[in-house]
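A.B. asks: Once you have looked at the hints, place chain U on chain Z.
Chains as they are written, first to last, in our numbering: chain Z, 1 to 96; chain U, 97 to 663.
In short, the hints are calculated from the structure, not lab data. Please note that the accuracy of each hint is not assured.
Ranges between beta-carbon positions, derived for each pair [as the list claims (entries may be wrong)]:
no. : chain 1 : residue 1 : chain 2 : residue 2 : range
1   : U       : 315       : Z       : 18        : 39 to 49 Å
2   : Z       : 22        : U       : 422       : 36 to 46 Å
3   : Z       : 53        : U       : 478       : 46 to 56 Å
4   : U       : 315       : Z       : 53        : 28 to 38 Å
5   : Z       : 54        : U       : 618       : 48 to 58 Å
6   : U       : 250       : Z       : 50        : 39 to 49 Å
7   : Z       : 18        : U       : 621       : 18 to 28 Å
8   : U       : 478       : Z       : 18        : 46 to 56 Å
9   : U       : 141       : Z       : 50        : 15 to 25 Å
10  : U       : 538       : Z       : 50        : 40 to 50 Å
11  : Z       : 18        : U       : 288       : 17 to 27 Å
12  : Z       : 54        : U       : 315       : 44 to 54 Å
We treat Cβ as the ideally placed atom computed from N, Cα and C, and that holds for glycine.
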Amino acid sequence: MGLDIRTPIGLMFALVGALLTLASFFLSSEIYHRSLGINVNFWWGIVMFIFGITMFFLGRRDGSTVKPTAESPEGLKIEAEEHRTGTEVDTRNENE
Amino acid sequence: MNLTNLDWAIMLIYFVFVLGIGFALKRYMRTSTDFFLSGRSIPAWITGLAFISANLGAQEVIGMGASGAKYGIATSHFYWIGAIPAMVFVGIFMMPFYYGSKARSVPEYLKLRFDEKTRGLNAISFAAMTVFSSGVSLYAVGLLLGSLLGWDFNFSILVAAVIVLAYVFLGGLTSAIYNEVLQFFLIVFGFLPLVFLGLRDAGGWSGLQTRLATVATANGFAPGAWSESWRFMGDPSSNPMGVEWFGLAMGLGFVLSFGYWCTDFLVVQRAMAADSMSAARRTPLIAAVPKMFFPFLVILPGMIAIALTHQAGQSGFALPAKPDGSLNYDMAIPLMLGHYFPTGMLGVGLTALIASFMSGMAGNVTAFNTVWTYDIYQSYIKRGASDQHYLWMGRMATVFGILASVAAAYVATRFNNIMDMLQLVFAFVNAPLFATFLLGMFWKRSTGHGAFLGLLSGTLAAAVHHGSTLPRGAVVGIKGGWFGHLHTYPSEMAQNFWTAIFAWTTCFVVTIVISLLTKPREQEELRGLVYSLTEKPSEEHLVWYKRPVTLAVVVLALTLVLNIIFW
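Chain U extracted, bound-state conformation:
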């Protein structure tokens, strides 16, 4: 890819603004609350955009584009049955407890609701996971800049790490949130012309459908398998994902999506920074509106890329092959940018891509420094120090988090299946967590011992299930089967969804059983933490479009319409 000075100038302007925002916010970071929670003072539309942008890192932009090429429109299930219903649920039902309990982090809510050991378990596994995934984001930056621009891997990592360090160190969570909003608009403006040009080239949606039909038949599926999201979900062998509707709805729709969007502090932290209860509840609902249209921005280019690849002679575009002969789907979006954008616009597109990786990393780092400082350092290492000390510690944790991410990025270079490993860890740790929160928030009888043992056994169940099953055609090892081989799934995705279902169910059942056997807490102590003992937030004083329930109904109706259109 040949960049000219014009492209570099655009990239430079972005970097100057990113650092400028950090410097401009530095003087507002007086207390630890300012640094970790933005002083709980940010309006809902900003926290809403940050809510989805924090997650819009390498895994989403590159990963969803790749899945679009590999599985077609069915990838939209990650949005239209996965993320959106979960975001509505967290806004309507869970935010009153997160925001209302004045917990400063998700692990801290677990401490208030259950006990110290449940918080400790969650805090430590979460801190490790954030460092790991921020390292993978960094690794993706190095890989991408290397293969597209010929930059040195070490140099790319260094530049990205130093810039993220600078703006988080200076401006804390506010700086991360502001840059996430900036990045959101960059992604939209950088990718919209790509989708426009790609669709135009393919002959519009109907032209793309015709082209994708040849892709589907060439892979041995019915012609619509790449362009119809639900029609082929009846049987795992008739769709490229290799999953059936039940595993999809339960595993992805219920367990994995709710587990991620409702309990992951990385996203919940954005809502906690909102300036009022109703703003906190509106955060995920506002986020859901652009989120439901993301498939057109990130999945569609992947679908166009695979359609063009199948007519490479005519289109002049082809996805490269990996050493083992399979297509390198991860290159779909970066190569599409290079294929359609002339110099100038190419600078905007690449800057958007780099911006998304950097803010994916910053999101993880801000969540890490908060959990480290409040839930590990203040709870177990140094209690009762001055606020200034914790503010200082937050800055140190930022430095440490970045250094650890750099180390994780180098570890990633030594394993070729680092992404699989990350997926696995998420399924093991996040899947059972949603059962814990569901019971904690809606069943006042659940106890700390129940929650702790439920979480542990849920993770164990995930490991046992993964260890005793294999996706079709895989070898024993990271893909499973290291424990024995009881069942073969049609695809890795199906195995992943069922691992999550097993983990969730085990955690749910064990938490209930142990809770019934142990002593419940006094009801008085649970006020504000459990649904039945908490006053419902009143919304009468708000205009109708600001009421969370109205927004939720609109969001769900729109999502339903999208599901039906692309059925």
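Only chain Z is shown next, with the shape it has when bound in the complex:
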């Protein structure tokens, strides 16, 4: 399967993080009274942004994390065993 889940997760967190941090410059500091005077939007926005970017690049670097059975040693073993016992399942057109 071609979609690495880290790509959309990374994009979403980077987007939300950037939005929070940017917004914190335009919001009055009075709203942070409830968060004990800490500008949570600014700081947590940065944390989420960094997490998002990291996930995004990990996803890009590794390409697809979802591999066909035949691409792992265990998968090959399973397929060989299935072939030997005749229990092979054709995943393209499975008839039960």
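C.D. replies: Quick look at chain U alone, frame taken from chain Z:
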């Protein structure tokens, strides 16, 4: 709670991504295996996070926060003696049979191991339970959005149902799993600042302990009853849960937790989607690592909420009271979000909450459509149709499952004790099931007749026990006693644990007796289904940190340490 455009924008971004994932996966859903089992192609860390997120719905997030306020740190027993050991057990001992037998669902394993009628019984009760609990998740969404944001109940339900329908319909199990992983990170990022701010406000852990001591003494317990998990378990009257260590360890730790985490297809399905045997075995073990730290994320805010409520004048925070005068513990987490988060962060927190309800629902719907299509439709209604037909049926079952959940959500609005009812059904159906699996997987002599009658009599025993006992101070009815009144338990939780113990023991004994009286199956047919007749999966080719047994030892050691720290 006042939301600004910033909060709505964050919620909107989440919805766009959820639907985007569904659309992006649509083109990969070629066969029924892709749709129901993600083509058995997902790496372990993803299935692992989905394994715990599928369960992270309204019952866990709202329920564990509420219990944290009501019972304190003892709620962590649901994790540190309940879920974690069960997750280790399913990974090490049971996954080789679930994954190795190539069964496509838990009921299908029962058919391979026992017979058709045992599968049918399990499939039908499971399908009904998933629809019911997905309905309760939906009901919680409607209730929460109504009370926090003033949304119309019908509108909230409609939005949640349509979004879940869209992404499961398009992308099947993969879509549900991917969204569960997204939701997992959202919960972590949405709740961590809450725990940080709450603890800071309460003066750190030691400050919180001091505050909780006043809560405990005000309720007539020793000062540490809210902040020490084991010390007061010797006697049911000395802890707020009203249970003693034996009922806790056997009822919750052994029967209920193993019954849920080892046999419930909702979670097992995630592991079955893994890309290899070792990935399937690692799924619950990887899941156990974040799971053991969840108490800090979901229970701690509840404990902080009750501490603040007891000093409402000073803290400005108080849990609301219900009409009958008792505190509405369910509001602990939602109100804490509103208390500490400014606009922006509040959007993230609320989105995390809504996300958890929706993926709790999606988890149930994906388990339902699989069991319906493979174990009911393909087995009893239409055999031997083309794979494309079953793929189509899976999509139809998704639509039907969502519609039934919506109906269940409206039924829930008519009963004020719907949560109790759900708990009861779980105790009746899930508790005996673990005995069936234990005997099925580890005792080759157990037979189909034994399993079937054991399950039935286990459920019956649960009903008889519940019907003849009452928790202290309760009236006859949904809480029990409708059958007579033989025994009074100190609390509802104690009654619940003992109902489970009775159900499990009855199922265990009846299955053994009937099995010995009936004809066993040929050993050859049980290869790959029973422990003693199955080759042990080899792990030599894996690096040490990928070996399930190594992981299991690490997980158990960490859990032990947590138990000791918060003893």
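A.B. asks: Which of the numbered hints are not met once you compare them with the structure shown?
C.D. replies: 4, 7
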